[in-house]
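A.B. asks: Just so you know, the sequences run in chain order X and C. For the first sequence, this note's numbering assigns the number 1 to the initial residue and increments by one for each residue that follows. For the second sequence, this note's numbering assigns the number 1 to the initial residue and increments by one for each residue that follows.
Please keep in mind that the hints were generated in silico from the structure rather than gathered at the bench. Some hints could be false.
Claimed, not checked - With a straight-line Cα cutoff of 27 Å, these simulated DSSO-like cross-link-like pairs (lysine-lysine) come out: (1) X:219 <-> X:141; (2) C:373 <-> X:50; (3) X:23 <-> C:50; (4) C:23 <-> C:219.
Stated by the list, open to error - From chain X, some residues computed to sit far from chain C (all C-beta separations above 12 Å): (5) 48; (6) 61; (7) 190; (8) 260; (9) 285; (10) 375.
Note that the structure is a prediction, hence the values are computed from the model and not measured. We treat Cβ as the ideally placed atom computed from N, Cα and C, and that holds for glycine.
There are 2 protein chains.
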Amino acid sequence: MTAADFPSQPQQQYDAFKQLGLKLDMSRGKPAPEQLDLSNELMSAIAGYKSADGTDLRNYGGTIGIPEARALFGQLLDVPAAQVVVDSSASLSLMHDVIVYALLNGVPGHAPWVSQQPISFLCPVPGYDRHFSICEARGIKMINIPMTEAGPDMDLVEKLVAADASIKGMWCVPKYSNPGGVVYSDEVVARLAAMKTAAPDFRLLWDDAYRFHHLGEEKVAIAGILDACAKAGNPDRAFVFASTSKISWAGSGIAALAASPANIAWWTANSGVRSIGPDKINQLRHVALLQNPAKVEALMERHRQLLKPKFDAVLAQFDALLGQMPGVSWTRPQGGYFIDLVTPPGMAKRTVALAKEAGITLTPAGAAFPYGKDPQDSHIRIAPSFPSLDEITKAAQGIALSLRLAVAA
Amino acid sequence: MTAADFPSQPQQQYDAFKQLGLKLDMSRGKPAPEQLDLSNELMSAIAGYKSADGTDLRNYGGTIGIPEARALFGQLLDVPAAQVVVDSSASLSLMHDVIVYALLNGVPGHAPWVSQQPISFLCPVPGYDRHFSICEARGIKMINIPMTEAGPDMDLVEKLVAADASIKGMWCVPKYSNPGGVVYSDEVVARLAAMKTAAPDFRLLWDDAYRFHHLGEEKVAIAGILDACAKAGNPDRAFVFASTSKISWAGSGIAALAASPANIAWWTANSGVRSIGPDKINQLRHVALLQNPAKVEALMERHRQLLKPKFDAVLAQFDALLGQMPGVSWTRPQGGYFIDLVTPPGMAKRTVALAKEAGITLTPAGAAFPYGKDPQDSHIRIAPSFPSLDEITKAAQGIALSLRLAVAA
Numbered sequence: 001m002t003a004a005d006f007p008s009q010p011q012q013q014y015d016a017f018k019q020l021g022l023k024l025d026m027s028r029g030k031p032a033p034e035q036l037d038l039s040n041e042l043m044s045a046i047a048g049y050k051s052a053d054g055t056d057l058r059n060y061g062g063t064i065g066i067p068e069a070r071a072l073f074g075q076l077l078d079v080p081a082a083q084v085v086v087d088s089s090a091s092l093s094l095m096h097d098v099i100v101y102a103l104l105n106g107v108p109g110h111a112p113w114v115s116q117q118p119i120s121f122l123c124p125v126p127g128y129d130r131h132f133s134i135c136e137a138r139g140i141k142m143i144n145i146p147m148t149e150a151g152p153d154m155d156l157v158e159k160l161v162a163a164d165a166s167i168k169g170m171w172c173v174p175k176y177s178n179p180g181g182v183v184y185s186d187e188v189v190a191r192l193a194a195m196k197t198a199a200p201d202f203r204l205l206w207d208d209a210y211r212f213h214h215l216g217e218e219k220v221a222i223a224g225i226l227d228a229c230a231k232a233g234n235p236d237r238a239f240v241f242a243s244t245s246k247i248s249w250a251g252s253g254i255a256a257l258a259a260s261p262a263n264i265a266w267w268t269a270n271s272g273v274r275s276i277g278p279d280k281i282n283q284l285r286h287v288a289l290l291q292n293p294a295k296v297e298a299l300m301e302r303h304r305q306l307l308k309p310k311f312d313a314v315l316a317q318f319d320a321l322l323g324q325m326p327g328v329s330w331t332r333p334q335g336g337y338f339i340d341l342v343t344p345p346g347m348a349k350r351t352v353a354l355a356k357e358a359g360i361t362l363t364p365a366g367a368a369f370p371y372g373k374d375p376q377d378s379h380i381r382i383a384p385s386f387p388s389l390d391e392i393t394k395a396a397q398g399i400a401l402s403l404r405l406a407v408a409a
Numbered sequence: 001m002t003a004a005d006f007p008s009q010p011q012q013q014y015d016a017f018k019q020l021g022l023k024l025d026m027s028r029g030k031p032a033p034e035q036l037d038l039s040n041e042l043m044s045a046i047a048g049y050k051s052a053d054g055t056d057l058r059n060y061g062g063t064i065g066i067p068e069a070r071a072l073f074g075q076l077l078d079v080p081a082a083q084v085v086v087d088s089s090a091s092l093s094l095m096h097d098v099i100v101y102a103l104l105n106g107v108p109g110h111a112p113w114v115s116q117q118p119i120s121f122l123c124p125v126p127g128y129d130r131h132f133s134i135c136e137a138r139g140i141k142m143i144n145i146p147m148t149e150a151g152p153d154m155d156l157v158e159k160l161v162a163a164d165a166s167i168k169g170m171w172c173v174p175k176y177s178n179p180g181g182v183v184y185s186d187e188v189v190a191r192l193a194a195m196k197t198a199a200p201d202f203r204l205l206w207d208d209a210y211r212f213h214h215l216g217e218e219k220v221a222i223a224g225i226l227d228a229c230a231k232a233g234n235p236d237r238a239f240v241f242a243s244t245s246k247i248s249w250a251g252s253g254i255a256a257l258a259a260s261p262a263n264i265a266w267w268t269a270n271s272g273v274r275s276i277g278p279d280k281i282n283q284l285r286h287v288a289l290l291q292n293p294a295k296v297e298a299l300m301e302r303h304r305q306l307l308k309p310k311f312d313a314v315l316a317q318f319d320a321l322l323g324q325m326p327g328v329s330w331t332r333p334q335g336g337y338f339i340d341l342v343t344p345p346g347m348a349k350r351t352v353a354l355a356k357e358a359g360i361t362l363t364p365a366g367a368a369f370p371y372g373k374d375p376q377d378s379h380i381r382i383a384p385s386f387p388s389l390d391e392i393t394k395a396a397q398g399i400a401l402s403l404r405l406a407v408a409a
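One chain only, chain X, in its complex shape (with noise of 0.2 Å):
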């Protein structure tokens, strides 16, 4: 379909594609039940209960996972196992309990980040809005950081680190970033690992989410923040975040937390004191299921098959009703779960309020920025994957005529 099949008018066009009735949500990316199907095995992926080393898994303990869980995700993110713990069903929760331990008993050898009041995270935008409202609602500030297409802009993030002590953390998604696709350079990698941070007690925090979620061909690959931090000298510096959420089932899924061995420790000790073990068997059931880096290499290509034409379909709708707009630009991810579109100034929340008029709820504008305030208010988090190929098509539809009219209006 092309603009040329639709009323020439903006107006009219938009209330052509209104009077569908489409009610869709695609506020959020959610994995579609045809992703889930593909780890049905989980079900009945096991028969007993105990470990390799005879530990019956039904019962408390291993506060840090079970070894195959801890050896399979050391394989995944190329990490000794011995520096990976397994817990959780979402790393997302790894990633606020983290921040939570550093806020009330400070990271290894300094002071709780409750004592050094004010604290502040850099924040790469437009990022992950689950990341900024952990901040937003323990109290941490929020400085937004650019993002150039090889990471954030690091000149401004060397510049800010090495002045102000209050900031002690910053978000990264260093792969197929949320929304923006983003992959950051190896440059960006050894620069973050490396630079001189005037607070002592600075975290990286790593969230490897789509480190296996391509949607091209090519199977990108980022350099190794663990690594690098160590030889810079700074081995404490970062926490490695991953979890199988968008590979096996998102909401029954396990996490990890890959990190420098005083760094394991820690964790170990403040995650000791909240519980005395995660869900073992779902730990067994996953390592049932997935096995080897090879296997979840397979079930990862399963995934892209299901993904790519859904991508394939929203930039083909926009190439068909946007490429001639001024102002207005998208991603094209090599991998991930969104598309950044990109208004012109002040159009996307218009934008958004009209497709959701139409049937479509998109994720708030502004959502994918600390606070939820998009300073140009011209980006908008387009997720693909839950509706069917069908549905999506006619959202991006319904996304690109919205934005038509939001601009000529």
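Take the given structure of chain X and dock chain C to it, following the hints.
C.D. replies: For chain C alone, coordinates are given in the frame of chain X:
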């Protein structure tokens, strides 16, 4: 076996026991494998993955738990389902997080506890070591409260909370308490609900860990704390915690928090920052296994049949070997997981060390007290659940002989 079967001198008796070369870990209240077997149906309890309302439970969402699990815990705890959140695999984590949110954000309508430092909690003793670990790790001072046979010493509790606004909370295991087996009387529950507290943001952390864990024929019931608080005009005073840890599988259960609507809203807002939702598939499994209160009671009766002989064996050995000793006593619990062995002052540590030497690992003496300090050094927590009946019988002998030697030496 009676004292007469052993050589007459404590040292000889102990040495003879030590020759047996036992190796037993009785440090924690872990269910035995036979108890975990009672819930093996969890492995195959469900074939589908949708809740009654059609939600795909494999996906993200559902921060407060699936409706059927909330309804089940509502029935079990005698609380409206709307006042129940089902989350995490262990209630300890929910307790920890309530304290974290209170520290960093404050309870509804009040300043963060971290901004009101120093703060303290009342801790009935002996009590649950992991409660005390949370306070110690997160910077909350602890004040010992002696237990009576009907619950904590309420005259002292009322006096302290009325006078000291820095007292922000109190730990309560109201039924078959860990380790004393104490059951709070209706009067104690009513006084806790109604007492005047200098701190307007005072909270009871009500760990209903052993609600269904009877050892005797009588299923002891206690007064409902949420009702009592509401009637007394303090509706937001209590957070109630429960889990299936010692009903189904200790490491892979589900947990619940029940509280006033205001507290539930507060919890939901705070936990929604930490997580996109708990493992809902495991909640569905548990609903399929446990179904309703009658089914839970029937399952708990099977647990009781496995546990009761072990408790009886310990009590029989203590009767035989310690019955005549001045200053030595022990509880005969009607439920729960522990026997509290009370030694003459200054004898608990020595006894635990001697037992260790003879191959029996006990909970460290003092663990049932804040900071691990039993002021009288006179309490030893006995956990009969995990070892086999034969092992626990021998272990009880060994503990008794260790105590006899400690006293004689």
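A.B. asks: Confirm or reject each hint.
C.D. replies: Hints, verified against the model:
no. : hint            : in the structure
1   : X:219 <-> X:141 : violated, 35 Å
2   : C:373 <-> X:50  : violated, 37 Å
3   : X:23 <-> C:50   : holds, 22 Å
4   : C:23 <-> C:219  : violated, 35 Å
5   : 48              : violated, 9 Å
6   : 61              : violated, 7 Å
7   : 190             : holds, 32 Å
8   : 260             : holds, 21 Å
9   : 285             : violated, 10 Å
10  : 375             : holds, 24 Å
The structure fails hints 1, 2, 4, 5, 6, 9 (numbered hints given earlier, in ascending order).
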